[in-house]
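Participant: Sequence:
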Amino acid sequence: MSDEDAGQDDRDGDEAQQQRFDATPILIITRFSFLGESGWKGEASRDAALLFEPDRLNRRMELFCAITLPSLTAQTDQDFHHFILTSNQLPDWALEMLRNVCMGAYGDESRFSIVPARPGPARRPLRMFMERTFGKQNVVQVVLDDDDGLAANFVADLRAELTLLDEEPPEDLLPLPYFISFANGYGLSLRDDAAEDGIAVYRHRYPYINLGMTMISSSTGRNVLAIAHRKTPRKLGCKLVEGAPMFLRSVHAVNDSRVEPGRNWEPVEDWRRDEDLRRQFPGLFAEGAPWL
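Be aware that the sequence shown starts at 1, since it is given in UniProt numbering, and climbs by one per residue.
Derived by calculation from the structure, the hints in this document are not laboratory data.
The reader is advised that the hints may include incorrect statements.
Said to hold, decoys possible - As a list, the in silico DSBU-like pairs of lysine-lysine whose alpha-carbon atoms are at most 35 Å apart:
id : residue 1 : residue 2
1  : Lys136    : Lys239
2  : Lys136    : Lys235
3  : Lys136    : Lys231
Since this is a predicted model, take the numbers as computed values, not measurements.
Use the sequences and the hints to build the structure in full.
Facilitator: Here you go:
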């Protein structure tokens, strides 16, 4: 942590600690072609020429529109705000398109915030936004990259988990931050070698994956873009939730990180007819989806 952030206590004060978890605002955090440092992002996030290459931007926008936004508009619980962090160097055409697709998805500009930020640590613009928006209260922060999705009942199930936390002895959870990780999800491979038609779906178990990683902390403390997602939750306190798949992780030619299907990836046979997948990720089957 930098000297600037050192004064921001990770372990929050009494006023914020007394909030009920299930009454705490939920903020879903997406980085869209952000030029800077944010923990687990790959080399493209530090290379402006690569990050803003038009074909790459168009592909990322296609995935954002086909996977990320549909997964959020399909949520059975719509009581959340979508924070989208991008670069102040993002080409004007791409920024305008980003605003238009978000407005088209949500239909209400109060549902989302697009913040173009200068190069640097991603934690800073996120912290400034949360301080401005939420004051000193706690915030439930959920990570969702711009090419991934959340199951349709993710927010509802997360809120149920928050209600369960309210029943736990405070000494087991406080001082904050505290984490919730959903261990199971799906992988969607869009690479040419994935299958005969270039598309394959896998069941995928990945405890402490950043996708859907949830951090409960004060808006003024360390935030979810300032942590090591595999290490920090286990060090500071985390509930690992097993059960139904809660995320969709895409694998494609312009991934920001190197991802390959491995031993924890179980193929879903005839995925287009899988009822669980259809129910949890209806956007995959929407008319006009690029893989249908």
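Participant: Are the Cα positions of Lys136 and Lys235 separated by 35 Å at most?
Facilitator: Measuring from Cα to Cα gives roughly 24 Å; hence the hint holds.
Participant: Within 35 Å, alpha carbon to alpha carbon, are Lys136 and Lys239?
Facilitator: 24 Å, holds
Participant: Would the pair Lys136 and Lys231 pass a check requiring their Cα atoms to be no farther apart than 35 Å?
Facilitator: Status holds; Cα separation ~26 Å.
Hint compliance for this structure: no hint is broken.
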